[in-house]
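So the sequences go chain by chain: E and V. Letter 83 of the first sequence, counting from 1, is numbered 83 in the working numbering, and no numbers are missing. Letter 57 of the second sequence, counting from 1, is numbered 57 in the working numbering, and no numbers are missing.
Because the hints were derived from the structure by calculation, they are not lab data. Please note that the accuracy of each hint is not assured.
BS3-like mimics (lysine-lysine), calculated; alpha carbons at most 30 Å apart, straight line [claimed, not checked]:
no.	chain 1	residue 1	chain 2	residue 2
1	V	K13	E	K104
2	E	K68	E	K111
3	E	K58	E	K111
4	E	K68	V	K13
5	E	K57	E	K37
6	E	K58	E	K42
Across the chosen pairs, the derived CB separations fall in these ranges [stated by the list, open to error]:
no.	chain 1	residue 1	chain 2	residue 2	range
7	V	S97	E	Q60	23 to 29 Å
8	V	P62	E	G98	34 to 40 Å
9	V	R63	E	Q81	28 to 34 Å
10	E	Q45	V	P62	38 to 44 Å
11	V	T20	E	T69	41 to 47 Å
12	V	N56	E	Q81	46 to 52 Å
13	E	K68	V	R100	16 to 22 Å
14	E	V54	V	L11	40 to 46 Å
15	E	S26	V	S97	17 to 23 Å
16	V	R15	E	G41	43 to 49 Å
17	E	G1	V	Q17	27 to 33 Å
18	V	P8	E	P112	33 to 39 Å
19	E	K71	V	N56	18 to 24 Å
20	E	S109	V	T20	36 to 42 Å
Sample of chain V residues with no beta-carbon within 10 Å of chain E, all distances over it, derived [as the list claims (entries may be wrong)]:
no.	residue
21	S7
22	I12
23	T30
24	E51
25	R55
26	S86
27	R100
28	T102
29	G106
Beta carbons are placed, not taken as given, at the ideal position from N, Cα and C, and that holds for glycine.
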Amino acid sequence: GENVEQHPSTLSVQEGDSAVIKCTYSDSASNYFPWYKQELGKRPQLIIDIRSNVGEKKDQRIAVTLNKTAKHFSLHITETQPEDSAVYFCAASSGSQGNLIFGKGTKLSVKP
Amino acid sequence: EAGVTQSPTHLIKTRGQQVTLRCSPISGHTSVYWYQQALGLGLQFLLWYDEGEERNRGNFPPRFSGRQFPNYSSELNVNALELEDSALYLCASSLMSTFRYTFGSGTRLTVV
């Protein structure tokens, strides 16, 4: 079955800097890669996703890149703000499994 | 549009007892997913239901079970509770095969 590894587990940046979180997956049949943000005490919320037929997707300050050959994908946050502080989860899904498998999460702290 | 609703929000149970958690998906969503979020362990996949059928289950013992009703709401049952079952149980719903989850706020289960 699918296995998703996520790094780093914690990340601390200064406000205004960029943050990058990386994930690798094992199932070459995986074709959908979302990222969720979970603020303290709240539910995970989808922030951006990418399907395997594209290599990059951008939405304002966040972007996701996908390298299918290497089986890894990354979340990039530019011009970080204190409200970006949260736990971020990557996930992958293949058609055969029908559900998302999540990485263990990255706790991002943005210091003012 | 109402989001995914879960009940109860919190509960405390004694080891060996049984518990039932409930989830109502977004209107029009036929797929319901259950995840366990224990401290430091990310989101562990439990069960996936669609159109009333169990489509996939994660690596959890059989004392974790559930069902989906004709109105697409779902229950998660946990028998013979153990201390390590203490966690946040998250329900998510999506349109079949899109994997774009919307999560509920979760049920915080404490086993003492």
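**Asked** What are the numbers of the hints the structure violates, in ascending order?
**Response** 2, 4, 8, 9, 10, 12, 16, 25, 27, 28, 29
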